[in-house]
Every structure is written in C-alpha cells, then in structure tokens.
Amino acid sequence: MAEEKAPDTKHHSGADREPNEIIQEYIKFEKIKYYPVELTGDIEVPKLTPDALVMVKPQLLTSKEVLARLGYPENGLRPDWKEVFLAKMDEILKKYRSVKLFLDICVRCGACTDKCHYYLGTGDPLNMPVARQELMRRVYRRYFTVQGRLFGSKFVNGEELSEELLAMWYTYFYQCSECRRCSVFCPYGIDTAEITMAAREILNSVGLVQKYLHEIIDKAQVIGNNLGMQQNAIVNALEFVQDELIETTGVEDIRIPIDEEGADVLFVTPSADFFASPHIESLYGYAKVFHQAGISWTMSTHASEGGNFGLFIHNYEHMKKINKRIWDAARELKVKRVIGGECGHMWRVLSSYSNTMFGPFDYLDPKYPRPQHICEFTLDLIKRGALKIDKSANEEFTVTMHDSCQVARGLEMGGTEFGQFEIPRGVIKGVCDKFVDMPEHTIRERTFCCGAGQGLLGDDMLATRVKGAMPRMQAYHYVKKNNGVNFLALICAICKAQMSKMLPTYGFPMEEVGGIHQLVGRAIVLGAKEGI
Amino acid sequence: MGGIKFIIDMGLSSLVYAAIFIFAAGIFYKVYFEYYKTPQPLKIPQTPQPTDSFGVFLRMAGDVLFFRSLAKGTKLLFVAGWLFHFTFLLLLIRHLRYFIYPVPGIVTMFNKVSLLIGIVMLLSMIVLVVRRFLEERVRYVTLLADYFVLFLIMAIVVTGIMLRHEPFRPDVTAVKAFIMELMSPTTPLKLLTMEPAHAPTCFMFVTHLGLVCLLLIYFPFSKLVHSVGYFFSPTRNMVNNPRSVRYINPWDKG
Ligand code: SF4
Ligand code: SF4
Ligand code: SF4
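Chains H and D, in that order, give the protein sequences.
When you line the first sequence up against the working numbering, it's residues 7 to 538, in that order.
When you line the second sequence up against the working numbering, it's residues 1010 to 1263, in that order.
Hints are all accurate, no fakes.
Straight line, CA to CA, 27 Å or less: simulated DSS-like cross-link-like pairs of lysine-lysine:
{"no.": "1", "chain 1": "D", "residue 1": "1046", "chain 2": "H", "residue 2": "326"}
{"no.": "2", "chain 1": "D", "residue 1": "1232", "chain 2": "H", "residue 2": "100"}
{"no.": "3", "chain 1": "H", "residue 1": "330", "chain 2": "H", "residue 2": "225"}
{"no.": "4", "chain 1": "D", "residue 1": "1262", "chain 2": "H", "residue 2": "327"}
{"no.": "5", "chain 1": "D", "residue 1": "1084", "chain 2": "H", "residue 2": "53"}
{"no.": "6", "chain 1": "D", "residue 1": "1232", "chain 2": "H", "residue 2": "101"}
{"no.": "7", "chain 1": "H", "residue 1": "53", "chain 2": "D", "residue 2": "1081"}
{"no.": "8", "chain 1": "D", "residue 1": "1262", "chain 2": "H", "residue 2": "101"}
None of these hints come from the bench; they were simulated from the model.
Please take these sequences and the hints and turn them into a complete structure.
Here it is as structure tokens:
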C-alpha cells in the first residue's frame, strides 16, 4: 500500500528536471547560416519580424578552471539560481545609479526603437533598445517595486523568473554591443549598454557565462593579454615586427623598444596589433611616428594589452585588475607619458576610468593629457611640422572614417567635446588628400557600431555580426558609389577584425580596411629631418 | 442632502491631503534615497557632452526646455511631445491663480488663450495615443500603463475645459474658498474632528480634482518619475573631464 503512494516521478518529469538541464536545452548552441543583404546605400527601417534572431546563442564557457578563477559557478546554472539572481540584481541596483535610474524612467516613447544596428539588421523586436531593456524591467517591476511585490506580475506587467526568461536574457543581452547609439536619441539619455552590462553580470552570477568574452577576461588577468601570449612570445613577435620595419624602410635604427626603463612614453595597444592583419600595419605606423619624432618610447610585456574586456560586464573588479597592469608598468618603467594606440573600448577605459581607478597621475608629465591618445599625439606632431609627410604615398586612396562607437560616444579628446571626431580626421587629412565622410546620420556621435563590439566578436556570433554590420556597410557602399571611396579608416582593433571579415562578406575587397596609422605610416618620410 | 455633502467634503478633503502626502513623500523617497544616494561608480557622460559644468547645465537645459535629444529622432514625436509638456506647464502656471493672491500678472496674461492651450494639449495627446497605436514598433513596446496615464491626463484636461463652460461651471468663489480652506494649516486638524473643508457643490469639479489626486498618487510609482529622474541621469549630468579632474568612485569613499 505504502509503495503505491510513492511520488510518481514520471508525472512530474517537467517540473523535476534540474534547472541546468532545462536551460541547456533552451540555449543550445547551433551553427547558423547567415546571409548578407543586397546593398543599396540606404538604411531602411525594417518591419517587425518576431524571433528573427532568437536562435543565435553564444557558446557557454564550460572550463571549470577558468570559471573558478573568475569566481563564477562551475557547473552551469545553479539549482538555487533564482535567489542568487535576485540578490545579484539587488546588489547592482544599489551600486549603480545608472541601472536603477534607467529602469525607472523610461517612458517607452519609442524614440530609440529604430536606432540599434541589430534591429535595423534583423527586424527582431527584442533588438529594439527599449524592448531589450524591458527584458530586465519586467523582472524589476515584479521584484523590486512596491506595486509589483504587492500585486504581482500581472498587475505591473512584470514577469516571474523562469528558465525561459533566462534564455531570452542570454540571447538578447548578447545581441547588444553596448555601443550606446540608442542613448543619443533618448530624451533622458537612457544607456542600454549599462543595462546590458548589468544583465551579463547577473547571468554570470547564476552560471551562464559566455565563452568568448570571459575567456579573454581570464587571459588578460592571468597571462596579461587577450591573446594569451606569454612574455617570450611577445618579445619574439615585436622583434619580428622590428626586423620587418628595418627591412622595408631601410632605416637601421628604427626600433620597437620593449620594457625599457626611463623611456619617455609607455605605449599600450591591443595585442592584436602585434601580428593580426590589418592591425599590424598600424603598429608600423606608430613606430615610424615615434622614430621620426625622436621621442623615446617603450612597450611593456607586463602591460602587453590595452584592451579591457572587463568593461563589458558590470564587474568592476575584473576591469580594475586588467587596467592595473598598465599603471604598474608606467610606474615601474618610470615613464613620463602614457599613450594609447588604436582601440575603441580600450580608450574608453583608459581615458574615462583610469583616473578614477588608479589616479592621480602626478608622477606623469603634467604638460600632456594623462593618458593620451595616439591620434592626439600624431596630430600635434603633424601640426608642428615635426613629421615629414609625403601625401602622394596615399594617392591611390579616397578615405572615409568609421567612428568607433566607444571613442565617438565616450570621452573628449584634445580637451574638447568634439575632439574625438576632429582629431582622427585631422590626422587622416594630414596624410591623405582625399577624404569623404559617410552620411551624417552614420558618423560622429550617431555612428553605427561595426556590429561586433563588446564581446560579440566570436565566431559563434557570426550571424549577429553580419546583420549588425549592415548599416555601416550601407553607408560605406553609399560613399563608394557616389564618391569613389576605397579605404575605410578605423581606430579600433575590434572594428578592424570585424570589418576585414564583413567587407568581403558584403562583396568589397578586404584590403580596403585599415587603421589610421597605417595611412600615417605610408606617408611618413623617414630619415634626417630637414634643416638638421 | 446635508449627509451626502458631508460625505463628499470629508472624502474629497481626505483624498487631497492623502494624495499630496503620497506624492511628496514618494518623490522625496525616490529622489533622495534611490537616485541621489545611489552611487555612480564611473563617469559615463555621452557625446556631445561639454567639458565644463556650465556647458553641462546648458545642455541639460536644452534637453529639458527644448527636448534637444529627442529632436534628433522622429520629428512627430518631438513636436507632439514638446507641445504636450509645454501646454501642460502653461496650464499648471495658470492654476496658480487659485493658490496665490493677488493673482500675479503673468498668470492673468493667458486668460484669453487658456481654452486654446487646453485644446492644443488635448490634440497633442491624441497624436501621442494614436501614434502608440498605429506605429508598429511603438505599439510593440507600449504597455497598458502607458495608455492609462495618457487617458488619465486627457480626462483631467477634458473635465478642466468643461468646468469653464455652462452647465458645468462651478461657483468660482466657492472653489477659491475651498482651496484656501484646504491650504490653511488648521484644516487638517479640523478634518480629524469631522469638520472638513467645504467643497463646492459641483460634480464636474469633484471629478476633476479627484482625477488630479489619482494622478498625484500614481506619480511616484510610475514612469512619470522621468520628470525628476532626468536630472540624475549620468549620461547627461556628468562633466566630460575625467582625464583632467579625477572623479572619485563613491564606493571608495568608505
Ligand atoms: S528613447 Fe529612452 S525613454 Fe524612449 S523608449 Fe527608448 S529608452 Fe525609453
Ligand atoms: S547599446 Fe547599441 S547595440 Fe545595444 S541596444 Fe543600444 S544601439 Fe543596440
Ligand atoms: S569594435 Fe569599434 S565600432 Fe564596434 S563596438 Fe567597439 S569601438 Fe564600437
């Protein structure tokens, strides 16, 4: 008799499964085919196409060692995930005014709905910035407002926590490149990037950790750079670059100094610049600029990475730890200036956050902004006539510039609020004769992201990347068609990686992508300076 | 008759006090504890953000007074939204005449155009409602609550306009007397001893005021806090100078 009363497990099979099992089914990684659209030069706002991109899920990080080092759960979704989720969300709401406020004050006016490149590329309604925020706001209204707690989710348009909701978070908060374009048009400056960063950290805390982004955060902390290159590998790579430089320029004493104490400048740049293409061309450019300016400089094996993926999630500790290497190196090498190379998010962390995390920089030379951007440095030299430039070296190019979103919508450059647009353009115009801007609504503070920023550059995200690159490709096509543009100048390592893949995908030659200092490097005339 | 009047007087007076209390306490709580006291760890101002505080002040003034950020996007929303808020402000100012004696000149100035203002406000709100319904993307993100506030405010405007016309027009001196009585510090105490202020006997007025109270009560719990929240928005209120002036993370202040 008693045995018959035993709980019927079959009957409850749905409810009894482990949360981790349920979620794994929802977010199973699949390879997805992607199709670029035919380019016309115009960016049209698509009709709503529900679920257009719901199947793109990034790969999960499963290596237990890495997860343990990062301090996240090691066995997938925790059985008690709901409590952890709410505790983490509560913590973030108390620590970040941005998140708290932005969840409160959106009026769903819709001004941002057609501003996201992922929405424009896919028509997926959940890629409208406000709809993306609503994924979090539904939870917020249910669990963190008086009315939600009193009257329940129906009354406040909230949502109970469920594995299904979690899967939606994991999908759509990894279809946002935190580019902040939506925020420009929002009457209250609501910044979806802040919400996305918070959402990702909450997902991490319950055990859904995206692979690409977090592997890099781990490598940058443990090894010192995003590519996981050991010290000797860095030295080898840079020596190789130096040999190349000497060979191609015929200048015997051009150098890429490494770990040289007492140099004037510590130069930090994304490690991709050491050998990826077209990144490396810019490295040649930097070296030539320093050489010709006669300023002693050094790279550091300790701070061998400028990029800081810690920015992409609301986890201050990761970001701080990665950034610390740069300022430790600056003190150790006793430099007077720190200059950052071409990279979007690196520049944002370096310029906007370093001073808060590791300032004051009283040990650096107060005459220069601390830290300084390579474009500020180069433009200053060009203006002072300290570089000998032969523009005809770039004769074959008609250049346009993609404003990297993290630079464009980040901080001042050159001390003025629009410097980040004018200074890089100034450098380009200083070394090329022909420059044409893309249409107004696709540049400057309204620039479109390349489509792969802030942790979406992995191959698992290719479908999203191709769709998200559409607006930029349309704009490029437009100036190509009308003005014969044949070079897309960039100042970001991720943009370079993404664009050199997207241009061929959309039918352009891959060589049309490159860094600004690639152009500078071509035009500099090396050798004794005139009058000396 | 006396009994009903007493109930209305009691009810309306209590409602007004309750609404004002909930509104004021709610907004204070939001602003002070939830926005002002919550730290913002890093500087996240957003282009085009000026590099000095006066510039930031000007930018925010531009956003608040002329909806500059919104103007970069769809023009229809910008125009309708701005007209709605602007006329709302004008009508609020106009209502000062019930609270301040003698009535300031600036308030009497709109006597002639107040009807027009009300109508513009209504029309702009109709545009906002229709837009929510017709525009596919906005309809997708619109919640019932969004229609609720729009219709609530429209109802307030409609009853307000009706109040100015026969046969709904109340005895204006009675209205003024009622409001003066409510503002007097002794009235709340009298309320406790069951001697409420004397509301005008006008159904439309009671409705109008009741709806306003409902709006006030709803305010601090809803998206309407955008009105005060904007001033704390870190993408707009931070000065764009973290390189030259060190910003201290409030977390580190201990
Ligand atoms: S523009 Fe701002 S307020 Fe309007 S829906 Fe988007 S996030 Fe909300
Ligand atoms: S931050 Fe960029 S990617 Fe994210 S929702 Fe806004 S526009 Fe889209
Ligand atoms: S890669 Fe470039 S465009 Fe893309 S998010 Fe980063 S800075 Fe922006």
